[in-house]
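Protein chains in written order, with our numbering: chain A, 1 to 157; chain B, 1001 to 1157; chain C, 2001 to 2114; chain D, 3001 to 3114.
Simulated from the structure, these hints should not be mistaken for laboratory data. Hints are not guaranteed to be accurate.
To be verified - Covered stretches of chain B (chain D as the covering partner; in silico rule of three or more C-beta atoms under 8 Å from a C-beta of chain D):
#, region
1, 1020-1032
2, 1039-1050
3, 1055-1066
4, 1114-1128
Just so we're clear, the structure is a prediction, and the values are computed from it rather than from any experiment. C-beta: ideal position from N, C-alpha, C; glycine also.
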Amino acid sequence: MDAVAGVGPATVRLAFPPEPRLLGTVRLVVGIVARKAGMGAEGIEDLKVAVSETCAVAVGDLTRAGLGDPIEIDLVEGADRFGIEVRDRAPAHVLDPGGPGDGELDDRELGLALVGALVDDLKTSTLEGGGNRTSFWLRRGPELFDPALDDLPPPLT
Amino acid sequence: MDAVAGVGPATVRLAFPPEPRLLGTVRLVVGIVARKAGMGAEGIEDLKVAVSETCAVAVGDLTRAGLGDPIEIDLVEGADRFGIEVRDRAPAHVLDPGGPGDGELDDRELGLALVGALVDDLKTSTLEGGGNRTSFWLRRGPELFDPALDDLPPPLT
Amino acid sequence: MDLDLNVSKEGDHSVLEVAGEIDVYTAPKLREQLIELVSDGSYHIVVDLEKVDFLDSTGLGVLVGGLKRVRNHDGSLQLVCTQEKILKIFRITGLTKVFPIHSSVSDAITAPAE
Amino acid sequence: MDLDLNVSKEGDHSVLEVAGEIDVYTAPKLREQLIELVSDGSYHIVVDLEKVDFLDSTGLGVLVGGLKRVRNHDGSLQLVCTQEKILKIFRITGLTKVFPIHSSVSDAITAPAE
Ligand SMILES: Nc1ncnc2c1ncn2[C@@H]1O[C@H](COP(=O)(O)OP(=O)(O)O)[C@@H](O)[C@H]1O
Ligand SMILES: Nc1ncnc2c1ncn2[C@@H]1O[C@H](COP(=O)(O)OP(=O)(O)O)[C@@H](O)[C@H]1O
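The task is simple: from the sequences and hints, build the whole structure.
Right, dumping it as structure tokens:
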């Protein structure tokens, strides 16, 4: 977080221990910061789902690895978009070798599909020293039009 | 933040650049976390005022010092109380040498009086390497009785 | 916990009204309830999502799990949902093709069996 | 900004209705408004705080500053407030002894001048 008062985007950072019960708190906080940044209702919902799915994966990975390291979230108010970055210290994501079990869908795959569909420019990478970084953003302000998904401009990177 | 999942108090940490417009966001976040932790309405209001006053001082100090370093807030859910610690990287607090000016009361003194009256066990100290730490807590849950301050158990430290 | 469940009987349908947030934390409670209904012989279930504020992929997985269980008994699992933000989650994941989604409990109950 | 100000005239009183949050960020707007009222010759001011959700020490300082300004003109600054959480702030800081606080704008206007 290198933002200097009045220069560059304001970044609010949140960190919380990997406890599922805190995901609701995280969603509320993301909702507040996004609303204050001028995001519309639909964008706020999309960001809440995306951040909640991302953090749920991190909570699961950390818990399975027996780690209690906090999950960090950066909320970045850009000039015309809102960015989120989630970092955790879990070992690189691996699919549960036992499979989803219980005959149910693999929630992680569903979750990834959701996040990818809801936000722009989804990126994931591993952190030096172990861990994962997931980032994405959404345009802010009123949606002027609602293009079909394949009409969207390509991601910036 | 050394809390391990399921062991010890959950600590949610928030960091934000020293911009006055973010104080409202900070209050909302503190309100959410305190409510989820089971604090009552009056306690939540008291915590919001206390954290807002404390952060306003930090924002002013950092701004006067020309610093943009983020202010950090730890929100600690204890078994029967809710604790807040605010840290900033501003030079040690000094009263504005020019005085309050404009014939108005010294807001900082008023602010300190407020915080001290609203919360329990207010402590301030300077950080190694420069900066300030302010911490306080409030009991949570329904107020069963309202003891005079000197009936309270001594602080842990 | 921010999830309230309420079960009622409407003829041979069991109506499960869900209120609150369905996520990794609360979904197990929903899963238990669905398993209990099926063990008790309720094979025609209507899940009313009108009071659900949030639904994540874990919740979707639990609903799909419930669907599989009732199908083992030639039963049905139908949803009631008119909230755009929740419908969006089903649409994006392609689950609108898997679940019959109705705009009211009575619509769901009177819908012709597939 | 989360502070709305609305001025109306009631006889020789100016009623300033404040809505929103008064803090370090928004208090300057309130200070400007009070200064403007006094420069325009409004020396009897009623500040209606019923729609204020939050008040910090900067806001208190601005109100005290307003009081000093009107007193320079033998005027008055009265408050309207029934919200416990806001009254608490005045009480703790001892300012209930400094400001006449009323439970309605009409009470404030008809109150005998001190
Ligand atoms: N995918 C992303 N995830 C998180 N933050 C992002 C992402 N893309 C951009 N940002 C951040 O958003 C901020 C604003 O980006 P910027 O290009 O200034 O947005 P705008 O197009 O609104 O001007 C930048 O500081 C950048 O770091
Ligand atoms: N003044 C304070 N400010 C911030 N945190 C505090 C303060 N006092 C205690 N805490 C923190 O609150 C947490 C809970 O304290 P604890 O003694 O467990 O509370 P309880 O009395 O509810 O069990 C501890 O981790 C401690 O660090």
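So which hints don't hold here, by number, going up?
-> Failing hints: none at all.
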